[in-house]
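J.: For reference, the chains in residue letters:
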Amino acid sequence: DAGVIQSPRHEVTEMGQEVTLRCKPISGHNSLFWYRQTMMRGLELLIYFNNNVPIDDSGMPEDRFSAKMPNASFSTLKIQPSEPRDSAVYFCASSPFIFSDNEQFFGPGTRLTVL
Amino acid sequence: AQSVTQPDIHITVSEGASLELRCNYSYGATPYLFWYVQSPGQGLQLLLKYFSGDTLVQGIKGFEAEFKRSQSSFNLRKPSVHWSDAAEYFCAVGARGSTLGRLYFGRGTQLTVWP
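Going line by line, the protein sequences match chains A and B.
In terms of this note's numbering, the first sequence opens at residue 1 and continues consecutively.
In terms of this note's numbering, the second sequence opens at residue 1001 and continues consecutively.
Be careful, since some hints might not be right.
Unchecked claim - Derived EDC-like pairs (lysine to aspartate or glutamate); straight-line CA-CA distance at most 20 Å:
#1 B:1061 - B:1088
#2 B:1049 - A:103
#3 A:68 - A:57
#4 A:78 - A:14
#5 B:1061 - A:103
#6 B:1049 - B:1015
Keep in mind the hints are simulated off the structure, nothing from the lab.
As the structure is a computational prediction, the values presented were derived from the model and not from experiment.
Let the hints inform the model, and build the full structure from the sequences given.
T.: Dropping the structure here:
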């Protein structure tokens, strides 16, 4: 398996623009997680899905952020409008089941820079 | 609520020296415990995990960790560090029996290895 795939790997945009990050989880995995990593706040869980259904979105910073999982093999994280403080590395991870005893497999991340 | 503390933000060791990275957790029962490693520009990779049984667990790349219930700790060790071990290390805790599926990560410890 190719592992978790994220695109793009790097994104540079201007403040106010819409940004869409994409994730393809490992085939057969039921759970998908979106994280954000910054120097100031470390690794933060934004939202996670089980069987394509959002379970907990309490980590989503504000209404400018939205995430969808239309099917088992694809998820998006959208920021509209983007702001400079959204600059971070965004990781997607997947897991075979939702229970916490299962390893999460991380993608390589998308480095977002908002000018 | 679960939480993880990694007291050391940055550790520097010489190549060939022994290593111990500290991790303390807060949880009302015995949790699931994980150590992940993040190399520059990469996603997180699982080093090892503890679920139950033997409190000393072996992982990849020659790492091991010991679960100490009385100290609420799960410290990571390696007897002889290699230059390629330079990376950031994250401790994480998951709730045993929880269907919520999330992991709680520490802030990470950055390891620098001197030649």
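J.: Give a verdict on every hint.
T.: Okay, the hints, checked on the actual structure:
The hinted pair formed by residue 1061 of chain B and residue 1088 of chain B meets the criterion: a straight-line CA distance of about 14 Å does not exceed 20 Å. For the suggested pair residue 1049 of chain B and residue 103 of chain A, the alpha carbons sit about 8 Å apart, so the restraint of at most 20 Å is met. For the hint linking residue 68 of chain A to residue 57 of chain A, the alpha-carbon distance of about 11 Å falls within 20 Å, and the restraint holds. At roughly 15 Å between alpha-carbon atoms, residue 78 of chain A and residue 14 of chain A fall within 20 Å of each other, so this suggested pair holds.
Distance hint between residue 1061 of chain B and residue 103 of chain A is fulfilled; the C-alpha atoms sit about 17 Å from each other, no more than 20 Å. At roughly 25 Å between alpha-carbon atoms, residue 1049 of chain B and residue 1015 of chain B are farther apart than 20 Å, so this suggested pair is violated.
Hint check: a violation occurs at hint 6 only; the rest are consistent with the structure.
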